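From first to last, the protein sequence lines stand for chains A and B. Everything in the first sequence is counted per my numbering, starting at 1 for the first residue and increasing by one. Everything in the second sequence is counted per my numbering, starting at 1 for the first residue and increasing by one.
Just to be clear, a hint being listed does not mean it is correct.
[As the list claims (entries may be wrong)] Straight line, CA to CA, 16 angstroms or less: simulated EDC-like cross-link-like pairs of lysine to aspartate or glutamate:
no. : chain 1 : residue 1 : chain 2 : residue 2
1   : B       : Lys306    : B       : Glu124
2   : B       : Lys274    : A       : Glu145
3   : B       : Lys170    : A       : Asp286
4   : A       : Lys296    : A       : Asp246
5   : B       : Lys201    : A       : Asp286
6   : B       : Lys267    : A       : Glu145
7   : A       : Lys137    : B       : Asp337
8   : A       : Lys137    : A       : Asp83
9   : B       : Lys248    : A       : Glu151
10  : B       : Lys323    : B       : Glu271
11  : B       : Lys170    : B       : Asp199
[Claimed, not checked] Computed footprint of chain A on chain B; a stretch qualifies when at least three of its residues, placed anywhere within it, have a C-beta under 8 angstroms from a C-beta of chain A:
no. : region
12  : 106-114
13  : 129-141
Think of the hints as simulated: they come from the structure by calculation, not from any bench. Just so it is clear, the structure is predicted and the values come from calculations on it, not from any experiment. Ideal Cβ positions, reconstructed from N, Cα and C, are used throughout, including at glycine.
Chain by chain, the residues run as shown.
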Amino acid sequence: MTLRGLNQQGIVFGIFATLFVVFAVFLPGFAATQNMLTLLQNVAVLGILGLAMALVVIGRGIDISLIAALAVPPGLVLQMVQDGHSLPISIAAAVALTLAFGFVNGWLIAYAEVPSLFTTLATGLFLAGLGQAVLFKLDVVQWSEGMSGFEHLGQGSLLGVPTPVIAFAIVCIVVAFILRQTRIGAYIYAIGDNPYGARVTGIPSRPIIVLQYVLAALIGCFAGLVLAASVNSMPTRIFNSTLIYDVILVVVLGGIGLSGGRGGVLNVVIGTLLIGTMLNGMTIMDISYSGQNLIKGVVLLVAVIADSFVNPRNEETAQQGDI
Amino acid sequence: MVFGKTKRIAPLICGLSLAALAAWPASAQQGLDEPFQAPFKAALAGKTVAYVPVAMNFDLTEGWFAGVKKELEPYGMKVIVRDPNWSTSAGAQAMTTLLSEKPAAIIVHNPDVQTYAKLMQRAEKEGIFIIQINMGSVYRSSAFVGANWIEIGERDAEAVVKACQGKSNKIAIVQGALSAAASAYTLKGVENVLAKHPDVKVVSSQAADWDAAKAKAITQTVLKQNPDLCGIVGFWDGMDIGTAAAVKEAGLTGKVFVATSGGGERKGACELVKSGAFDLNVSYDVPTQAADMAAMIKWLLSSGVKPGDVKGSIYTTLIPITKENASSDTACWNLSDLKK
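Here chain A stands alone, though its shape is the one from the complex (with noise of 0.2 angstroms):
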């Protein structure tokens, strides 16, 4: 607590600070309004994701079937609506099954205490396998007649501002109100802090697990439509992609450690600024793929090393262990 000042999200916002400059001298036109919005607008999924994230790793679980949910029910609105049924019917369909999805997974975790890597790495698959076998009839779901007006999710503007940015801003503030204004969000950090003791202490902590991964589960949903807007179409064979590593990236980068308890949602923005920066900076520069691969490797590692170095694992950590 000493150091205060020089935790991950200093040390990260240091490094995004110093590219964010470094890029604004040396390259033409990357500190222009309209570049940093397409900056902001090429990560804001990402963002949203990591949000969806942080709310399960504050409360010390971890969610590795975002991106099905990202994929999934999204594919179901844009497979529903190609087949003839209306919009609202689609999402509507949509928001069950990803409200029954949520509350599969957090029911394992909170009741049947299944450890939450094992049990969202499994009901990924089975809702990935679910959406290729049965929903979709192929892995790249298209954009249809039926769906024109909703493309403004993820196309255009509003006041200048990109809507996919938007978007972001808007899960932020309801994340952030969730997490600072409310008891729940309150219960997420002391369970997160420390499981045992908030139950002991008579907080319901199963009842919070399940909300949390159902909060995420949606989250990610809604994502998914800014995605699928965005691109006309949902490829929903994102899921066997790197993404969820990304999203993991940007939580964990970002200073919300995996011991949950701890972080918030400035610190998943952060995170987020810092992986957009570098993308769009890189992509002016004209960067190779596998050169671009290796810088983000090497800001990524200096990050930790710098985090481990400062913030020494303690006894609490030791103890408790973390993921």
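Fit chain B to the known structure of chain A by using the hints.
Chain B alone, transformed into the frame defined by chain A:
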């Protein structure tokens, strides 16, 4: 009397000869046995064709499967599929199992040029015909059916270069995955054309991993940096939905020429050309490729050649889909129709 008799006989003769005339063609209609169709049928009946795509569930692989089934099942052949779902090791495992199951032929969709090469060689040694589809490997098997990626790259690049004439001459390239041979071959084709046009400048050439969201992010940034960009060469229509979405959002549809390629499925190709998202989509018509594969299998099985004795290729004749033909019924195909 004599006259009377002859008078009666004359019509009788006439009648008889008419009856004979009528009877003559009847004996010819008994038919001739065509000596080749029975052995052909026997060569096909009861045989199994295995199909190992990189994954099912997308327009290309579903289309090939449906098309081959439609052609071969009426001859009593069985078409089975082993779906590795994007896992190269699962695919190699499926190939190994198939070696012992001994189907008559295996249709292989290679994830890269190396992984299955040895396995395919072994299969042909053991008497299984190998048909490679769209993505070839270093091992040349009995037949290769597929697009010529270099030609696709050349055609797309030529169209973009042409559209850029008199404009900024700045173009961008959105590649697929770096490990995929199809992506590298297409890039070679693009390079061939660019070598002839030194005035055209490539402002960005990046891999989007066949991912629409990544393609969109890259294109957005490139367009912000180069609002005067005149064309983009994309490597697959499924990914370039993202490329096109970025162009549309920048309000540059029609100003930036987007060229891409794909299997020509109606929703993924013609509809998007019609809407203006793509200006050119070079299609390697999947139903034609399926028919070519089925034809190869029929020929190989009925010819009596041993696997590996003959080796040949059928490069698909490409269909450039533009605004002119996007509305026609023949330029694109529907998966639902092919599955009927």
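Practice item. Starting from lysine 170/B, check that the Cα of aspartate 286/A is at most 16 angstroms away, please. Key: holds, 14 angstroms
Check your understanding: Is the Cα-Cα distance between lysine 170/B and aspartate 199/B 16 angstroms or less?
Key -> At roughly 9 angstroms apart (the allowed maximum being 16 angstroms), aspartate 199/B and lysine 170/B satisfy the hint.
Review point. Quick check: the region 129-141 of chain B, covered by chain A? Criterion 3+ residues, Cβ under 8 angstroms.
Key: violated (count 0)
Check your understanding: Is the hinted pair lysine 137/A and aspartate 337/B satisfied, with a Cα-Cα distance of at most 16 angstroms?
Key -> holds, 13 angstroms
**Study point:** Distance restraint between lysine 267/B and glutamate 145/A, which requires alpha-carbon spacing of 16 angstroms or less
**Key:** holds, 11 angstroms
Check your understanding: Between lysine 201/B and aspartate 286/A, does the CA-CA distance stay at or below 16 angstroms?
Key -> This hinted pair holds, its Cα atoms lying about 13 angstroms apart.
Review point. If you draw a straight line from the CA of lysine 248/B to the CA of glutamate 151/A, is it 16 angstroms or shorter?
Key: Holds, because 12 angstroms separates the two Cα atoms, which is no more than 16 angstroms.
Check your understanding: Is it true that the CA of lysine 137/A sits at most 16 angstroms from the CA of aspartate 83/A?
Key -> holds, 11 angstroms
Exercise for review: Verify the proposed pairing of lysine 296/A with aspartate 246/A, using a straight-line Cα cut of 16 angstroms.
Suggested key: Judged against 16 angstroms, a Cα distance of about 11 angstroms means the pair holds.
Review point. Within a Cα-Cα threshold of 16 angstroms, do lysine 323/B and glutamate 271/B meet the stated pairing?
Key: holds, 10 angstroms
Review point. Taking only the CA atoms, is the gap from lysine 306/B to glutamate 124/B under or equal to 16 angstroms?
Key: holds, 8 angstroms
**Study point:** Hint consistency between lysine 274/B and glutamate 145/A [alpha-carbon to alpha-carbon, up to 16 angstroms]
**Key:** holds, 13 angstroms
In summary, the numbered hints that this structure violates are 12, 13.
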